[in-house]
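Visitor: Letter by letter, the chains look like this.
There are 2 protein chains.
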Amino acid sequence: MQPIQSLGYNVYFEENLESLLPFIEARGYSQILVLVDRNTNDNCLPVLQNAIPDLIHYDIIEVDPGEENKNIDFCIGVWKTMLDFGADRKALMINLGGGVVTDMGGFAASTFKRGIDFIQIPTTLLSQVDASVGGKTGIDLDNVKNIIGTFTQPQAVFISTEFLKTLDERQLVAGFAEIIKHGLIQDKDLYETCKSVDINNVPADLIYKSVQIKNNVITQDPTEKGLRKILNFGHTIGHAIEGYSLYNDANPLLHGEAIAIGMICEAWMSYKFTGLSEESLNDITNTFLSKYPQYVYSAEFYDSFLELMKNDKKNEDNKIGFALLKEIGDCTYNVYIDEQDIKSALDYYIEAAQLYYKL
Amino acid sequence: MQPIQSLGYNVYFEENLESLLPFIEARGYSQILVLVDRNTNDNCLPVLQNAIPDLIHYDIIEVDPGEENKNIDFCIGVWKTMLDFGADRKALMINLGGGVVTDMGGFAASTFKRGIDFIQIPTTLLSQVDASVGGKTGIDLDNVKNIIGTFTQPQAVFISTEFLKTLDERQLVAGFAEIIKHGLIQDKDLYETCKSVDINNVPADLIYKSVQIKNNVITQDPTEKGLRKILNFGHTIGHAIEGYSLYNDANPLLHGEAIAIGMICEAWMSYKFTGLSEESLNDITNTFLSKYPQYVYSAEFYDSFLELMKNDKKNEDNKIGFALLKEIGDCTYNVYIDEQDIKSALDYYIEAAQLYYKL
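Protein chains in written order, with my numbering: chain A, 1 to 359; chain B, 1 to 359.
For the record, the hints were derived by calculation from the structure and aren't laboratory data.
Values in this document were obtained by computation on a predicted structure and should not be read as measured data.
Here a beta-carbon is modelled for each residue, glycine too, at the ideal position from N, C-alpha and C.
Warning: the hint list may mix true and false statements.
Short, incomplete list of chain A residues facing chain B, as computed with Cβ under 7 Å [stated by the list, open to error]:
#1 79
#2 150
#3 167
Computed list of lysine-lysine pairs in BS3-like fashion (alpha-carbon distance at most 25 Å, straight line) [unchecked claim]:
#4 B:80 with A:80
#5 B:319 with B:188
#6 B:272 with A:90
#7 A:310 with B:80
#8 B:90 with A:319
#9 B:319 with A:319
#10 A:310 with B:319
#11 A:272 with A:343
#12 A:343 with A:291
#13 A:90 with B:225
#14 A:80 with B:90
#15 A:80 with B:310
#16 A:343 with A:319
Across the chosen pairs, the derived CB separations fall in these ranges [said to hold, decoys possible]:
#17 A:5 with B:219: 45 to 55 Å
#18 B:334 with A:27: 46 to 56 Å
#19 A:3 with B:293: 54 to 64 Å
#20 B:54 with A:199: 53 to 63 Å
#21 B:226 with A:196: 55 to 65 Å
#22 B:219 with A:189: 46 to 56 Å
#23 A:201 with B:60: 52 to 62 Å
Please build the complete structure, drawing on both the sequences and the hints.
Guide: See below:
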């Protein structure tokens, strides 16, 4: 597969990261730092080690896995370790992991000594289709996701389905939600294909297609002034539910699981406000309910959900803006919905899920 | 005085910040946050309040004054307060203060929700001539200055000598060191003028000239790939002494006091390695010694100074690079000096100061 050209860098699709070594060698970096979490240290580092063998020296920085650790404390730990390793401005950071590692590593690199180069090697399905293009880096603060960050492009991204073999099914299913989303907002055929894919064996060309869609959007709107907002379909409500779950559930929802719920709620809004047909609403609802576990929240938490939504970066002047579907494959944005309708959308998921699971 | 055009924004020289109100009104910000420290809250905020009267609402964020507070903990506090105020992406941050406020406020703004607009109103002589152009934002970490930061340009800068009336003489003298530096690296006439200026009454046109010199350099090299390094004259050694003093002295050196020492040391290096005449070395040494208090450090700390220098952002491959004078008004950069000679330069200051104060 040809590399996808993004904003000044390539996304390589290579099982064994063949282009990584020549890429690094051509750049003359003073030093290489590899950021991993415990899981990718064990499961993914061997693939990287094969790609950049002994002739290249690198230091490892390890963080704890999990969204709850994508915070400023861990980021400070990463910065201090970079200092301890004596990293200078010509150092390279390779972020090997899921979204926590690529988002936080990207932020740490983009702010260390006012910015050093970094390469993203996303190892989860979610991060491959979501975090690989767009140049967003970030960490969470006070329960608000990605509230601190920068827009900084990596030097390159490498995607290998080899890493997906190390994931459990729950993670694969969660990540798959972003692929379905890319179909829903821009490509009906992709959405239809998604319905019957074996999630334990996602074909590389489906990931390629998904990255291509996102890349087309973000290269048209690098700093999220307009069009790019369609990528937030499902995310306004999804992020709030995710934030809530992260701090209240012993076994919190994964990002993809939360946005699957968000997409059901926002599909209902699309049906109410932007012309999505009832048939499409039902199809979307059933597609997600058939793949994702039921989640239950009580109406008494709606106000705290709304608070979280208001803190979302995409809002302005305290109104809550949504990206909504006109039909499957066509998405609009800057649709401002009032609080009562948001609550009704939250009700819709609860009722639809109850009905589905009762059947 | 005409505004100075920097990288996409203007530096206005206005006693009463006349252009600020129309500037803000034209932009339609959703919200205005003003970052101050305790001193500027008391002494400088009234000038700002006159410039943007009641018709504009703004919220105040206050931090503690002093370089020791330009750290990640205070920055987290600023971010959290921005969240508490419900700041969205169309909010404006006005940083009203010295380098601590403008550097940290610039960093907080440039990373909050991946970047909101900010205006710098530097209120100390140092920050007016040093932090007003160049787009550097930053905070300190683990005793290393400005190690975390971004290159982000403000929307505008406002300079008023009105604020200088609130400063004590020590701060004025310290800030004046950067004006002398701008003379030394690019403008012999400015340097000669500096020798006889009444520091309690620095004329606005001297500040203007100094900002112009810095602006000419940084617009040619916005991200410090080359030429811009001449602005670091005196800073490699100066930063190390400043970092050391900050953590070891009850009453630590101010930035300008530390780089005055650094300039004496690096003038000696210039004499040894880049052709500065002995006469000029003596002239520079006496100029600084006549204005700045004697500082004493022992040779037993040289190794820790060197450690701090190695962590400085400007170094690559663990070599210590310097910007050095070829003559007064002409500076070169990327001169790599070995450790023994750096120690001799540190000795030179101690001996020159002893001799001067004995006279």
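Visitor: Against each hint, give a clear statement of whether it holds in the structure.
Guide: Status of the hints after comparison with the structure:
The beta carbon of residue 79 of chain A comes within 6 Å of a beta carbon in chain B, closer than 7 Å, and the hint placing it at the interface holds. The closest approach between the C-beta of residue 150 of chain A and any C-beta of chain B is roughly 6 Å, which is under the 7 Å cut-off, so the hint is satisfied. Checking residue 167 of chain A against chain B: minimum C-beta separation of about 28 Å lies over 7 Å; hint violated. Between residue 80 of chain B and residue 80 of chain A the alpha-carbon distance is near 22 Å, which keeps this suggested pair within the 25 Å criterion.
Between the alpha carbons of residue 319 of chain B and residue 188 of chain B the distance comes to roughly 30 Å, so the proposed pair goes past 25 Å and is violated. Between residue 272 of chain B and residue 90 of chain A the CA atoms are separated by roughly 29 Å; this puts the pair beyond 25 Å, and the hint is violated. A threshold of 25 Å between alpha carbons decides the hint, and for residue 310 of chain A with residue 80 of chain B the separation of about 15 Å falls inside it, so the pair holds. For the given pair, residue 90 of chain B sits about 12 Å from residue 319 of chain A by alpha-carbon distance, which is consistent with the 25 Å threshold.
A distance of roughly 53 Å separates the Cα atoms of residue 319 of chain B and residue 319 of chain A; the hinted pair therefore is violated under the 25 Å criterion. Restraint check: the Cα-Cα separation between residue 310 of chain A and residue 319 of chain B comes to about 49 Å, which exceeds 25 Å; the hinted pair is violated. Our distance criterion of 25 Å between C-alpha atoms is met by residue 272 of chain A and residue 343 of chain A, whose separation comes to about 13 Å. This hinted pair checks out: residue 343 of chain A and residue 291 of chain A have alpha carbons roughly 24 Å apart, not beyond 25 Å.
Distance hint between residue 90 of chain A and residue 225 of chain B is fulfilled; the C-alpha atoms sit about 11 Å from each other, no more than 25 Å. For the suggested pair residue 80 of chain A and residue 90 of chain B, the alpha carbons sit about 32 Å apart, so the restraint of at most 25 Å is broken. Of the pairs offered as hints, the one joining residue 80 of chain A and residue 310 of chain B holds, with about 15 Å between alpha carbons and a cut-off of 25 Å not exceeded. Restraint check: the Cα-Cα separation between residue 343 of chain A and residue 319 of chain A comes to about 15 Å, which is no more than 25 Å; the hinted pair holds.
Hint check: residue 5 of chain A to residue 219 of chain B, Cβ distance near 30 Å, so the stated range 45 to 55 Å is violated. Take residue 334 of chain B and residue 27 of chain A: their Cβ atoms lie about 19 Å apart, and the range 46 to 56 Å is violated. Against the hinted window of 54 to 64 Å, the Cβ-Cβ separation of residue 3 of chain A and residue 293 of chain B comes to about 60 Å, which satisfies the hint. With their beta carbons about 59 Å apart, residue 54 of chain B and residue 199 of chain A fall inside the hinted range of 53 to 63 Å.
In this structure the supplied range 55 to 65 Å holds for residue 226 of chain B paired with residue 196 of chain A, their Cβ-Cβ distance being about 57 Å. For the hinted restraint 46 to 56 Å between residue 219 of chain B and residue 189 of chain A, the CB-CB distance of approximately 50 Å keeps it satisfied. With their beta carbons about 57 Å apart, residue 201 of chain A and residue 60 of chain B fall inside the hinted range of 52 to 62 Å.
The earlier numbered hints that this structure contradicts are 3, 5, 6, 9, 10, 14, 17 and 18.
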